[in-house]
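Student: Below are the chains, spelled out letter by letter.
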Amino acid sequence: MLAAIGVGSLQELFQRQIPAAVGLSAGLDLPEGMPEQDVYTHLRELAARNVSAEQELSFLGAGFYDHYVPALIDMLMERSEFLTPYTPYQPEISQGGLQVMFEYQTAISELTALPVSNASVYEGPSAVAAAGYLAKLHNGKRRLVVSAGLHPHSIATLRTYAHGYGMEVVEVPLVQSAGEDGDGAGRTDLDAWSAAIDGDTSAAFFAQPNFYGAVEDAEALSAAAKAAASGAQGSAPVVVAQVDPITLGVLKAPGECGVDVAVGEGQALGNRLDFGGPSFGLFAAREEHLRRMPGRIAGETVDVDGRRGFVLTLQTREQHIRREKATSNICTAQALNALAGVVYLSWLGRRGIVELGELLLARTHYARETLTALDGVSALHSQPVIREFALSLDVDVAAVRRRCAREGVNPGLDIHALTGRESDRGGLLVALTEQRTRKDIDRLADVLGAAVAAERHVVAA
Amino acid sequence: MTAASYPPDLLYHPDHDWARIDPEHPDEATLGITWHAQDALGEVVFFEAPAVGTALTQGAPYAEVESVKAVSDVIAPLSGEVLAVNDRLSDGPQAINEDPYGEGWLVKVRLSDPAERDALMDASAYSASLGG
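Line by line, the protein sequences give chains C and S. If you use my numbering, the first sequence corresponds to residues 1 to 461, in order. If you use my numbering, the second sequence corresponds to residues 1001 to 1132, in order.
Just so you know, these hints were derived from the structure itself, not from any lab. Every value quoted in this text rests on a predicted model; they were computed, and no experiment measured them. A portion of the hints provided could be inaccurate.
Claimed, not checked - Cut-off 20 Å, straight-line C-alpha distance, at most; resulting in silico cross-link-like pairs (DMTMM-like, lysine to aspartate or glutamate):
(1) S:K1069 with C:E92
(2) C:K325 with S:D1015
(3) S:K1108 with S:E1043
(4) C:K226 with C:E287
(5) S:K1069 with S:D1122
(6) S:K1069 with S:E1024
(7) C:K325 with S:E1024
(8) C:K226 with C:D198
(9) C:K325 with S:D1073
(10) C:K439 with C:E92
(11) S:K1108 with S:D1087
(12) C:K252 with C:E110
(13) C:K325 with S:D1087
(14) C:K325 with C:E288
(15) S:K1069 with C:E324
Said to hold, decoys possible - Sample of chain S residues lacking proximity to chain C, with all beta carbon distances greater than 12 Å (derived):
(16) D1009
(17) P1026
(18) H1036
(19) E1048
(20) T1057
(21) S1067
(22) K1108
(23) S1124
(24) S1129
As the list claims (entries may be wrong) - Have a look at the derived ranges for each label pair, beta carbon to beta carbon:
(25) S:D1009 with C:R286: 39 to 45 Å
(26) C:I93 with S:D1015: 35 to 41 Å
(27) C:E92 with S:P1114: 23 to 29 Å
(28) S:D1015 with C:Y86: 32 to 38 Å
(29) S:E1081 with C:E219: 53 to 59 Å
(30) S:D1015 with C:G306: 40 to 46 Å
Every residue gets a Cβ at the ideal spot worked out from N, C-alpha and C, and that includes glycine.
Only chain S is shown next, with the shape it has when bound in the complex:
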């Protein structure tokens, strides 16, 4: 298990989801769950992905992560449409534990309202919200 980390280049949703917005493509984002989320879940055994094309709404569930302890909804930090799903998670869902911000990414989306990013936290605010 990796040590706790909250990269400064990501945006954070209070339900423990992150979004990475590439400055070159400000209308697209990669989404995932935070180190804190995967740590609370424990060993992830299954990721139930949405279909490509699914519409996401900020704050609403769009996928499920199943660990040995629980099945949890994954909450969309931003609204948009799913462009791609991390297919490698179907054979290796443990990437969500091992590399939550890299190999463990969940989906890529085309944002329907990029201004929603203003409602998200930066790494230090999110870190502080965890009481750490």
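With the rest of the complex left out, here is chain C:
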């Protein structure tokens, strides 16, 4: 081939095609190679430095949660029929995979009280960003108004995508200190929310519960978003809620709160922490947005003999369309994770998801009461919470976390370290799952109380 194109070597080919200025002048700064056996040993040593959620008592959440995953899920996920990530374009050989997608969509639709669900997207933050794109396709406006109560990763992802969409992101703060407006502290500032939404607003996003664990007044936020734009030219913004599916057993469904599009991280449904992924994103909407939905949708039909069957539907919107009008198709490999999600929901059942929510509510309440009774520990906000809540420590959170880690306890997320917001300094985000018992909470209280006391002693000294 080199002879046919008239160059002497691969190196010469590169030199003739790539400007010298962009080439590397020196070799890559990499260590010498190692024998395979030594590499294995090295990697084993690195891996041993990880601490898994099973090796410590973990109250870390902030988007990914350590729920129990029943053996049933592993059994079904490991069936080879489900392992292929490829889109089942040939329904005649893909009925099992298509039915899983259809059942998954049905479950998400029921959970969110929104009539259409896709068969999942990549993960939570990209589902948020995809909702922004749906809004752009829907109304062509260029402003995205986002509550600061969204997960910081979601806001960052939305900003990244919005740049490409030619849209701007406007962040609305939460009500801060418990001053005059103390009742609202920890929730999205409704006045600022209404003020930020204008006739040029394409979509308005809030999280339920929000990143700080607070339950938002979803109906008020939806209504305010629609009212704020009503005097202005054109249509109301698309109201997007980022939901935690686990809480939907006890919270009013987004579809009943005026929400147009519900998105969320699906990991908590039957997927383990797995070092942060892979997982899946859920995406459900009102029927008017059906043709703007990202990803794949399986539909139910009948074959020529009248038997029930399943096919991909609306796939032209994803694949056979001008690029700038296409919906996202970053979804293919998530079908397996979404399978875990639908198996988990089926395993819990209609009663189970309510019972789980009530259990989390009771444990979270107990944990919040117990921990805020400790010296140097107070609630960052006093809003209702379901499975996660924010504390405020009067000492350095990172130092407290290190002390707790030495006792085998992960007390939760250092909020400021993730958000960088000054108002979050001292913030600790504590998450509960059904795997954390009352005894575990008491142990956290002992360890956290001792760690805070020790840090206060250091500061005083």
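Starting from the known structure of chain C, arrange chain S on it as the hints suggest.
Tutor: Then chain S, alone, in the frame of chain C:
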């Protein structure tokens, strides 16, 4: 499916759109896609109409037609403002296949620049452009 036809009373845009200008109302036109366009698309399943009042620019997309094969832009053969939309297409988009110049019309517009019609082709020129 009907046989290929390009009625002589219509004007044609190279992006396979037609315009019918009523001699009684020379500042208004009915727009649609040609037999060739619907044949290339295949079975139409959805027509995404513009809102009444939308401004159309000659040569620019103003609507979408979705078939089982693809989603395509519909290009405005003339500039103007949408006066009416064929609502019957929301329940029966197959009219675009079955009767592209009749029941399958897309929108009626008030023309902002009737002189633009001079840039359009007649049936024989359009037919010839298809290589037929």
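Student: If a hint holds in the structure, say so; if it doesn't, say that too.
Tutor: Now for the hints, and whether the structure bears them out:
1. S:K1069 with C:E92: OK: K1069 (chain S) and E92 (chain C) at ~19 Å, within 20 Å.
2. C:K325 with S:D1015: Satisfied, since the Cα-Cα distance of roughly 18 Å is no more than 20 Å.
3. S:K1108 with S:E1043: violated, 23 Å
4. C:K226 with C:E287: Distance ~18 Å between K226 (chain C) and E287 (chain C) Cα, so the pair holds.
5. S:K1069 with S:D1122: The given pair, whose Cα atoms are some 29 Å apart, is violated under the 20 Å limit.
6. S:K1069 with S:E1024: violated, 39 Å
7. C:K325 with S:E1024: violated, 38 Å
8. C:K226 with C:D198: This hinted pair holds, its Cα atoms lying about 10 Å apart.
9. C:K325 with S:D1073: Holds: K325 (chain C) and D1073 (chain S) sit about 10 Å apart, inside 20 Å.
10. C:K439 with C:E92: violated, 53 Å
11. S:K1108 with S:D1087: holds, 12 Å
12. C:K252 with C:E110: holds, 12 Å
13. C:K325 with S:D1087: violated, 23 Å
14. C:K325 with C:E288: holds, 17 Å
15. S:K1069 with C:E324: holds, 18 Å
16. D1009: D1009 (chain S) clear of chain C: closest Cβ-Cβ about 32 Å, beyond 12 Å.
17. P1026: holds, 32 Å
18. H1036: holds, 18 Å
19. E1048: Non-interface label on E1048 (chain S) violated, nearest chain C Cβ at 7 Å vs cutoff 12 Å.
20. T1057: Non-interface label on T1057 (chain S) holds, nearest chain C Cβ at 15 Å vs cutoff 12 Å.
21. S1067: The assertion about S1067 (chain S) is violated, with a minimum of 7 Å to chain C.
22. K1108: holds, 23 Å
23. S1124: Since the minimum Cβ distance to chain C is about 31 Å, S1124 (chain S) lies beyond 12 Å and the statement holds.
24. S1129: holds, 22 Å
25. S:D1009 with C:R286: 39 to 45 Å: holds, 42 Å
26. C:I93 with S:D1015: 35 to 41 Å: For I93 (chain C) and D1015 (chain S) the Cβ distance comes to about 38 Å; the hint holds.
27. C:E92 with S:P1114: 23 to 29 Å: At roughly 53 Å between Cβ atoms, P1114 (chain S) and E92 (chain C) fall outside 23 to 29 Å, so the hint is violated.
28. S:D1015 with C:Y86: 32 to 38 Å: The hint (32 to 38 Å, Cβ to Cβ) holds, given that D1015 (chain S) and Y86 (chain C) are roughly 35 Å apart.
29. S:E1081 with C:E219: 53 to 59 Å: violated, 38 Å
30. S:D1015 with C:G306: 40 to 46 Å: holds, 41 Å
Hint compliance for this structure: hints 3, 5, 6, 7, 10, 13, 19, 21, 27, 29 are not met, and every other hint is.
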